[in-house]
Amino acid sequence: MNTPGITSGLRRPLAGILITFGFFASVLGSRPQTSPPLPLVVYLEDGPWVVTPELRNETPYLPLTDLVRQLVLPYTDATAAGIFTIRGPGATVVLERETGAATVDGNPLELRSPVVNEDGRWLVPVEFLQRALGPATGLSFAATAARIIAGNVETTSLDMEAAAAEGFTRLTVRLGRSTNVRVQQDRGQNLVTLNIDQAPLTPRTEALAYRDGSIRSVRFDDRDGRSRIVVETTPEVASVRLVPGDENRTFFLEFVSTSPPPVTVTAAPLPAEAVPAVDALETAGTRRVRVLVIDPGHGGLDSGTNAHGLLEKDLTLLLAQRLRATLEERLSTSVILTRGQDLASSIEDRTAVANQSHADLLISLHVGFSSDPSESRGTVFVMKDPTPVGPQSPGVFFIPWYQAHQTSDPASLRLAESLRERLSLKIPEWPFTLSRAPLGVLAGATMPAVILELGNANNPEDLERLANSQFQNRVIDGIVESIQGLEAGEDGT
Amino acid sequence: MARHVKFGLGVAILAAAVSIFYFFDIAGRLQSSDVVESEAAFSEPLPPLFEPTDPPVDVRIFFPASTNDVLLRTRMVTIFDSARPEGRTRQIIDHLITGADDDLLFGRLPEGTRLDQVFISEEGTAYLNFNSMLSDNHPGGVLAEQATVYAIVDSLAYNIPEIDRVKILIGGVERETLAGHCMLMIPLVPDLSVSDISPGDPA
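From first to last, the protein sequence lines stand for chains A and B.
The opening position of the first sequence corresponds to residue 1 in the numbering used here, with each subsequent residue numbered one higher.
The opening position of the second sequence corresponds to residue 494 in the numbering used here, with each subsequent residue numbered one higher.
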């Protein structure tokens, strides 16, 4: 090789340096970037056992002797013979040091990672617990990356959901049973911890993929056997409120941000580069729909209308999911569904989702039914009081829950009228009417709320339309444009 | 045939015979227990809808409309003017269950609907306990549900002076809605605006 500009005397030392550098680079670069394993909590009938797994070939291993002692299983560690025997009530497990093989009642146990014996210490992969000690104890073991739960331990479900509202962010925590909780706030670390007096919990998700101006991260943590939700906040969070509900089964953790300083005409103008970038609609002061709740009608055993095999509950859920995706993409609105799958939900719970989220709008989606199969139309419903409303006595501040809709009744009418207009333009083949009815889901809603009923399930043509994705796009466009119109103040307010 | 095979076959035939006997015996018991239960549930004799001496009287029944121009279509029918408002209530609900003669214009309550109990409070609230068919066999849809609910409420409150509002129960319990839309949690007052008459029309 002839390298121009480098003399022959320099070639060898340079090559040596390069080879040496390359060697170290390759060795260092090839080392796996493994972090030390986190503690694993094993929930047993007598309480949690916290153990830090040891990594072997990037697989977490547990110390076998400690494990069988925790499970109170009789065992024999014949060190000289290199055999470890566990005599459980359900089966006998034998491990051989020489081969690393394991048998359960004489049947060979095939493990993805072998049993390890190091200096007389037996180490077993996590799956050994399920596949060998499960039959030995007669218990099942549910394992995740963070915890293992024995089958005879009672668990409690945990569901977390975060949503932004005007001036604060709300973290909704739903537990499977009534529980006491405590909140700790560490302002220096910008951490808020919700300690939950219940274990083990089975979280639907270990962490929330949610982030906004108040919350940076939300994760569940029980690595020490005690349940808690850890929220990393932004420095803007001034205070945290805890609101219990549903007999201490649901908790609302509200992160209240410091309000931005009001801008007045007398204030010294900020230099242009110092003005923070904000949403143009917010600057204009016209953006009003921050949180929208969509209620896919019916669900679970309640199928709604059923004609020609098309169930109303499936159609409303599909439409709601597609509408949510479009709204989030086109309007950057936080959209919450009252149900995300085929689940039953009470009318009261559906309204509660909207009220507790401080939603700006609630739209409940339904499919109509008429005994006249030739009829074809859409209807937007607003609430009609089912009982006459008497004059409010002076000094009375409480109203029945079913009259909560009254405060936003004019706004509900504007929303309904806007939807009717836009959908009439988008779907000229359907006459859209505005109607009032005493509707359960709207009665207790404290925000503008409507039911949008699409088509006639008794009309085969309507069903064909509703099942067509192009037609669904027109419905979705009509709803989105209607909300855009409201945000822009096109309703005259 | 070997002896042990014969013996085995005999045992199998005997077992099959015993199984068949028990199957029919259990099925018969289940059937008879159904009858006993249903008889027990309705063993209390219901008071008559009206007495032979009660005079006939015309009432306006609000039927669910079969066409989309109006929600409720009214028709005059004759019932017997029982002294007990519960008797008049039952007669009116019976008309809503059987429907009007002209099916093209008039609908009815869902198939299989039965009114099990009636109680009218002194304050004028009628508590009607229907069987689950009122809800289970409802086709759905807000307008159809509104029509069903107000066919009941309007027909009773319009014709029976002792009734101001109606509380609908299904299967003896309170329900949030009839079929997912119209609220049933509170007693409902009549709403004649959804019918083909204006509130000022005489009965």
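Worth flagging that the hints you see were computed from the coordinates, not collected in a lab.
Bear in mind that the values here come from a model prediction, so they are computed numbers and not experimental data.
Backbone N, C-alpha and C fix where the C-beta goes; we use that ideal spot for every residue, glycine too.
Be aware that one or more of the hints could be misleading.
[To be verified] If we take Cβ atoms under 8 Å as the criterion, some of the chain B residues that face chain A in the derived model are:
id, residue
1, V570
2, F573
3, V682
4, L685
[What the hints assert, rightly or not] To spell it out: a stretch of chain A is covered by chain B in this simulated footprint if at least three of its residues, at any positions, have a beta carbon under 8 Å from a beta carbon of chain B; those stretches are:
id, stretch
5, 99-113
6, 195-202
7, 301-311
8, 359-371
9, 375-386
10, 443-453
Checked hints:
Taking 8 Å as the C-beta contact cut-off toward chain A, the hint placing V570 (chain B) at the interface is violated, the least distance being around 21 Å. Violation of the interface hint for F573 (chain B) is found here, the shortest Cβ-Cβ separation to chain A being roughly 30 Å, above the 8 Å cut-off. The beta carbon of V682 (chain B) comes within 5 Å of a beta carbon in chain A, closer than 8 Å, and the hint placing it at the interface holds. Taken as an interface hint, L685 (chain B) does not check out: its beta carbon lies about 13 Å from the nearest beta carbon of chain A, beyond 8 Å.
Only when three residues or more bring their CB closer than 8 Å to a CB of chain B does the claim for the stretch 99-113 of chain A stand; here the count is 0, and the claim is violated. Counting residues of the stretch 195-202 of chain A whose CB lies closer than 8 Å to any CB of chain B gives 0, which falls below the minimum of 3, so the coverage claim is violated. Three residues within the 8 Å Cβ limit are the bar, and the stretch 301-311 of chain A against chain B gives 4, so the coverage statement holds. Given a C-beta distance limit of less than 8 Å, the hint that chain B covers the stretch 359-371 of chain A holds, as 6 residues qualify and 3 suffice.
Closer than 8 Å: that is the beta-carbon criterion, and the stretch 375-386 of chain A has 6 residues meeting it against chain B, so the requirement of 3 holds. Only residues whose C-beta sits within less than 8 Å of a C-beta in chain B count toward coverage, and the stretch 443-453 of chain A has 3 of them, enough to reach three; the restraint holds.
In summary, the numbered hints that this structure violates are 1, 2, 4, 5 and 6.
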